[in-house]
Amino acid sequence: MRAYDIVIIGGGPAGLAAAISAKKSGVDSVLILERDKELGGILNQCIHNGFGLHTFKEELTGPEYAGRFIDQAKELNIEYKLNTMVMDISPQKVVTAMNREEGLFEIQAKAVVLAMGCRERSRGALNIPGYRPAGIFSAGTAQRLVNIEGYMPGREVVILGSGDIGLIMARRMTFEGAKVKVVAELMPYSGGLKRNIVQCLDDYDIPLKLSHTVVDIKGKERLEGITLAQVDSHGKPIPGTEEEYSCDTLLLSVGLIPENEISRGMGVDMNPVTSGPKVNESLETNIEGVFACGNVLHVHDLVDFVSEEAGTAGRNAAEYVKQGEAHRQGGKEIKMNPVEGVRYTVPGTINVDRMDENLTVRFRVGGVYKNCYISAYFDDERVIHRKRPVVAPGEMEEIKLTKEQLLKYPDLQTITVKIEEA
Amino acid sequence: MEERKLTCIGCPMGCPLTVVMNGEEVVSVTGNTCKRGDVYARKEVTNPTRIVTSTVRVSGGSIDMVSVKTKEDIPKGKIFECVKALKGIEVPAPVHIGDVILENVADTGVDIVATKNVE
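Taken in order, these protein sequences are the chains called A and B.
The opening residue of the first sequence carries number 13 in our numbering; numbering runs sequentially from there.
The opening residue of the second sequence carries number -15 in our numbering; numbering runs sequentially from there.
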């Protein structure tokens, strides 16, 4: 059986950054397995700009951002296999994969980095009534058709869901000559970034209807129209508020789901809130030597943070390979406790002995809070109390912890993170 | 005095900005949390610009489309002219990041450049 020190599952932004950082940390035997025909993952179809403000201090398009990491990976002679699908990973880290050239094959890894990303929630998950005609796409599928394959999915468009991909596609379809009639959002706030609402909807006078959803789909062969209705505070359609829209295309931008079939198959413990693995400060799962980063861990809105997080996972995977058993020993675990508005934290536990000097804890909030504080309690003592003019579910938040700070609390059991109203 | 409300797009923070104008003159910008917000607000109310991104066809390459952008931002009012100018353009592979695809798009003085390598 072939053997590599570190096998990275996925060659998107997370996998690339993990591989680069692992190699730079002194592990030479690194292999990326990618199912698409090129490296770069979803960035290849994200042709809009706005990537890299944190990493490179300039605004790049998705392919340019990916290009910088691909160039680095190639300069470092990192091995990769394209068109290769990973089928299974055993708890002993035997990776089973297949491609057209080599058929089915196995690779023994010392460490594995899970970087498979996420996929889009589909119509089936929403239970929209009505026929099932052609013309209903997930926003990301439409994005791939337009930007990579060069096909236009349709001419008169309604978008359900105001996630970033939906907003971006509203502008993209407008550029390609389509009429985007409305973007409807079930929630009373948008799930997308503010900048995208301004630049993709407001700039083109595309209306955003909050607290609205699609209640009927018309057309048998091809989509002919949809019915939109306002919803109450429980998300139930309000009778009498129905509006008809004629359209040949409905794009769904209704959320992303981390792709963790392989993780579950190998016995990785999952966090039901993120649908991603539970990880510690090293971004290591409950299976030692198995790390996770990027959208497979929790869905990000900024690729810069994916790259940073994946760099940490790659570095820790390299440390694990170099230190072996010693890696896991010693230290006690502090539990992260997300409550009151904070839905989850990544990581979920912190081992002070093993943590780096600085640790970023990332999380999402459950609602929109204005003039609030992000607070962290070390057991009962409030240590962090940071004012924020606004926090929203669409934008990931963070707190920074230092090793020095945590060492001052030798008996610390739990760090509680919450949103406190002013 | 006129008041204009904007959302800053300088970064994902999306600060809510309030610009007080006296005719064409900006009197004050508030709500920003960094310098970029101030710069953005002053520009947005006097000379709004955008980077435009799109795709053009590529022949003989590993894929059929190559992504492109305006090398710098162009006036907001020129966006559709710019997009129209890209219709029907086809470039031969290979194309590399930064290659000029179209010069001086829509008379803006700004070039369209490739943002992806297509071999």
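Because the hints were derived from the structure by calculation, they are not lab data.
We put the CB at the ideal spot given by N, CA and C, even for glycine.
Hints should not be assumed to be uniformly reliable.
Said to hold, decoys possible - Simulated crosslink set (EDC-like; lysine to aspartate or glutamate; CA at most 20 Å straight-line):
id, chain 1, residue 1, chain 2, residue 2
1, A, K105, A, D214
2, B, K(-11), A, D368
3, A, K412, A, D368
4, B, K68, A, E188
5, A, K49, B, E65
As the list claims (entries may be wrong) - What follows is a set of in silico ranges between Cβ atoms, one per label pair, in the way DEER data are often shown:
id, chain 1, residue 1, chain 2, residue 2, range
6, A, K382, B, T30, 27 to 35 Å
7, B, K27, A, G267, 47 to 55 Å
8, A, V351, B, V84, 48 to 56 Å
9, A, K221, B, S12, 27 to 35 Å
10, B, E56, A, E416, 40 to 48 Å
11, B, E(-13), A, G378, 26 to 34 Å
12, A, T372, B, T14, 24 to 32 Å
So, going through the hints one by one against the coordinates:
Using a Cα cut-off of 20 Å, the hinted pair K105 (chain A) and D214 (chain A) is violated, with the two alpha carbons roughly 49 Å apart. For the proposed pair K(-11) (chain B) and D368 (chain A), the alpha carbon gap of about 42 Å is over 20 Å, so the pair is violated. Between K412 (chain A) and D368 (chain A), the direct Cα distance comes to roughly 12 Å. Compliance with the 20 Å bound is thereby established for this hinted pair. In summary, the hint linking K68 (chain B) to E188 (chain A) is supported, as the alpha carbons are separated by about 9 Å, within the 20 Å threshold.
For a cut-off of 20 Å, the pair hint linking K49 (chain A) to E65 (chain B) is broken: about 34 Å separates their Cα positions. The given range of 27 to 35 Å is respected by K382 (chain A) and T30 (chain B), whose C-beta atoms sit roughly 29 Å from each other. The hinted window of 47 to 55 Å between K27 (chain B) and G267 (chain A) is violated, with their beta carbons roughly 34 Å apart. The hinted range of 48 to 56 Å is satisfied by V351 (chain A) and V84 (chain B), whose Cβ atoms lie roughly 54 Å apart.
For K221 (chain A) and S12 (chain B), the Cβ-Cβ distance of about 33 Å falls inside the hinted range of 27 to 35 Å, so the restraint holds. In this structure, E56 (chain B) and E416 (chain A) meet the distance hint of 40 to 48 Å, their C-beta atoms being roughly 44 Å apart. E(-13) (chain B) and G378 (chain A) have their C-beta atoms about 33 Å apart, which keeps the hinted 26 to 34 Å range intact. Take T372 (chain A) and T14 (chain B): their Cβ atoms lie about 30 Å apart, and the range 24 to 32 Å holds.
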